[in-house]
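Heads up: the sequence lines are chains A, B, C and D, in that order.
The opening position of the first sequence corresponds to residue 67 in the working numbering, with each subsequent residue numbered one higher.
The opening position of the second sequence corresponds to residue 67 in the working numbering, with each subsequent residue numbered one higher.
The opening position of the third sequence corresponds to residue 145 in the working numbering, with each subsequent residue numbered one higher.
The opening position of the fourth sequence corresponds to residue 145 in the working numbering, with each subsequent residue numbered one higher.
Hints are not guaranteed to be accurate.
In silico negatives: residues of chain B with every beta carbon more than 12 Å from chain C [claimed, not checked]:
#1 Ser71
#2 Glu75
#3 Glu90
#4 Arg101
#5 Pro103
#6 Met140
#7 Leu153
#8 Thr165
#9 Arg167
#10 Arg187
#11 Gln196
#12 Leu200
Here are the simulated EDC-like cross-link-like pairs (lysine to aspartate or glutamate), alpha carbons at most 20 Å apart as the crow flies [as the list claims (entries may be wrong)]:
#13 Lys215(C) to Asp163(B)
#14 Lys213(D) to Asp163(A)
#15 Lys94(A) to Glu82(B)
#16 Lys213(C) to Asp163(B)
#17 Lys210(C) to Glu166(B)
#18 Lys213(D) to Glu82(A)
#19 Lys94(B) to Glu125(A)
#20 Lys215(D) to Glu146(D)
#21 Lys213(D) to Asp181(D)
#22 Lys210(D) to Asp151(A)
#23 Lys94(B) to Asp163(A)
#24 Lys175(C) to Asp230(C)
#25 Lys94(B) to Glu202(B)
#26 Lys210(D) to Asp163(A)
#27 Lys94(A) to Glu75(A)
#28 Lys252(C) to Glu233(C)
#29 Lys175(D) to Asp230(D)
#30 Lys210(C) to Glu248(C)
#31 Lys215(D) to Asp163(A)
#32 Lys213(C) to Asp230(C)
Label-pair restraints from in silico Cβ distances [as the list claims (entries may be wrong)]:
#33 Ser185(B) to Ala155(A): 23 to 33 Å
#34 Glu125(B) to Asp153(C): 47 to 57 Å
#35 Glu125(A) to Gln174(D): 18 to 28 Å
#36 Arg183(B) to Leu179(D): 53 to 63 Å
#37 Arg136(A) to Glu198(B): 40 to 50 Å
#38 Pro149(B) to Gln174(D): 18 to 28 Å
#39 Leu200(A) to Glu125(B): 23 to 33 Å
Rather than coming from a laboratory, the hints here were simulated on the basis of the structure.
Since this is a predicted model, take the numbers as computed values, not measurements.
The beta-carbon is built from N, C-alpha and C at its ideal position, and this holds for glycine as well.
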Amino acid sequence: MSQRSLRLEARIENLEAMLAFVAESAGKLGWLGERLPNIELAVEEAAVNVCNHAYPEGEGFIELSAGGSRDSFMVVINDAGIPFDILAAPEPDLTADITEREIGGLGCFLIRSLTDRVSYRREGERNILQLEFLREKGQEC
Amino acid sequence: MSQRSLRLEARIENLEAMLAFVAESAGKLGWLGERLPNIELAVEEAAVNVCNHAYPEGEGFIELSAGGSRDSFMVVINDAGIPFDILAAPEPDLTADITEREIGGLGCFLIRSLTDRVSYRREGERNILQLEFLREKGQEC
Amino acid sequence: MEILATRNDKGTIVAISGKMDAVTAPVYEQKLRELIDGGETVFVNDFSRLAYISSAGLRSILATAKILKPKQGTLMFCGLTGPVRDVFEISGFGSLFPLHPSPEAALKSIG
Amino acid sequence: MEILATRNDKGTIVAISGKMDAVTAPVYEQKLRELIDGGETVFVNDFSRLAYISSAGLRSILATAKILKPKQGTLMFCGLTGPVRDVFEISGFGSLFPLHPSPEAALKSIG
Ligand SMILES: Nc1ncnc2c1ncn2[C@@H]1O[C@H](COP(=O)(O)OP(=O)(O)O)[C@@H](O)[C@H]1O
Ligand SMILES: Nc1ncnc2c1ncn2[C@@H]1O[C@H](COP(=O)(O)OP(=O)(O)O)[C@@H](O)[C@H]1O
């Protein structure tokens, strides 16, 4: 499969279209099974963050690219928002009780937990976040 | 609305996704009425031609960008196939009878007939076809 | 697209609903070829529930008409709505084929 | 996402089906806030037909729990399926909240 991409306004109302695009792209490569919810979840978290945080002073776009093979599926998320390195986001405290536990801060953590390889780079005015999912040996993808 | 875009493999099986993307983009700009079938038709003709003719020796991509306002809606179709200028395609003979009339050759003609402004250019290895639809004064768009 | 063919003593009424585009037009062409192979030669395409037709649809229609011609068959049309009527007009198909207000009127026209 | 709340003498069972994501989680939060404002304090979230939850769902759940805490209320869960259970585990929500096999077991646990 050649690289497919979808570029939309970074708004929550476009989330469904983004997830449908990613699920369809993964499906065409044979990723139909267990991993799909993980992939959708990681992409949702990253996309929602771009919609909510990347453009504090207005509006902007988000671009998703998807591609790969039966063994590795990659989603690249690209925006022109403020620089944000997901790998540098602090770990949430997973042991605090209900009163102490802070609301939020789980999105980046979930992305890092569910994705086999995460990389971030700033290129010019762009944030480029790569999420790669690997099929485990013998596992249905 | 900022520019939206969708890039997929140039294959007929992706036609529905392309048309849904264009219809949604037009809808978000308030193009909900009479012109929508015209827009979809012009885009289908151009997209089908890219799928069928642009890559005679293999596979390639097609990218659709959409944007505009309530008064003007523009779709740009972009591919890396062989150079093809839609404006130079011959006019079909619309008066021949069933026996004489040739099969095909109506796609480019329909695009030119239904679109208010058509422009083509070759940029490097790319075909860039711009289709612009204008709302008539007082007309529902 | 959905196709419903109803045979009757004067011909076959083919009611097509939905979209006749590059994906679905070949299904129409195939269906009509089967009916022609089965001996049918008089067809009324009832387009009253067809919302959309592209050049792929026109291509299938002309290809079908070309098969019917040497068999002295006819391909008639009725019930064209807005966008479909426009495409027929622009492409000259409106004068290439007889258009009728209803399937009954079409069948009556051939006596 | 669909939410069905069923009151009963021990508490309210909230059966949620579909997806609890950034678009739908606020609907859940709003619904529970209304029930709490109406005086309810004991809730069992029945997740047996919930296919998907994202951090937006976790956010709404924690926000609801924080409102219930000073009211001596409880938010319990039952019926977590594969992907939802994974998210609860990874995020520590599985140990923050009581998980039960069924709504009945949850309500029984509070005596
Ligand atoms: N794309 C982004 N651009 C700028 N800031 C971001 C971006 N994504 C996340 N952040 C910041 O990191 C914080 C933690 O994000 P996250 O873990 O997803 O939790 P949440 O969004 O629920 O707070 C956010 O509150 C926000 O301040
Ligand atoms: N994108 C394209 N790249 C190369 N050749 C094309 C392209 N689009 C159209 N053509 C050529 O122009 C001809 C006429 O196209 P068209 O009017 O759409 O009718 P049809 O595709 O039904 O033949 C095609 O048969 C093809 O040879």
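At the C-beta level, are Arg136(A) and Glu198(B) separated by a distance inside 40 to 50 Å?
-> Since the Cβ atoms of Arg136(A) and Glu198(B) sit about 41 Å apart, the hinted range of 40 to 50 Å holds.
Given the hinted pair Lys213(D) and Glu82(A), is their alpha-carbon gap at most 20 Å?
-> 34 Å, violated
Would you check the hint for Lys210(D) and Asp151(A), treating anything up to 20 Å between C-alpha atoms as holding?
-> 30 Å, violated
Would you mind confirming whether the straight-line C-alpha gap from Lys215(D) to Asp163(A) stays at or under 20 Å?
-> 16 Å, holds
Least C-beta distance between Gln196(B) and chain C, which was stated to exceed 12 Å | 20 Å, holds
Taking only the CA atoms, is the gap from Lys210(D) to Asp163(A) under or equal to 20 Å?
-> Given pair Lys210(D), Asp163(A) holds - Cα atoms ~10 Å apart, limit 20 Å.
That 47 to 57 Å hint for Glu125(B) and Asp153(C) (C-beta), does it hold up?
-> 50 Å, holds
Take a quick look at whether Lys213(D) and Asp163(A) sit within 20 Å of each other, Cα to Cα.
-> Status holds; Cα separation ~11 Å.
Range hint 18 to 28 Å (beta carbons of Pro149(B) and Gln174(D)) holds or violated = This hint is violated: roughly 56 Å between Cβ atoms.
Is Lys213(C) within 20 Å of Asp163(B), Cα to Cα?
-> 11 Å, holds
In terms of Cβ atoms, is chain C entirely out of 12 Å range of Leu200(B)?
-> 17 Å, holds
Would the pair Lys210(C) and Glu248(C) pass a check requiring their Cα atoms to be no farther apart than 20 Å?
-> The hint is violated at about 24 Å.
When each numbered hint is compared with the structure, violations occur for hints 4, 5, 8, 9, 18, 20, 22, 23, 24, 27, 28, 29, 30, 32, 33, 38.
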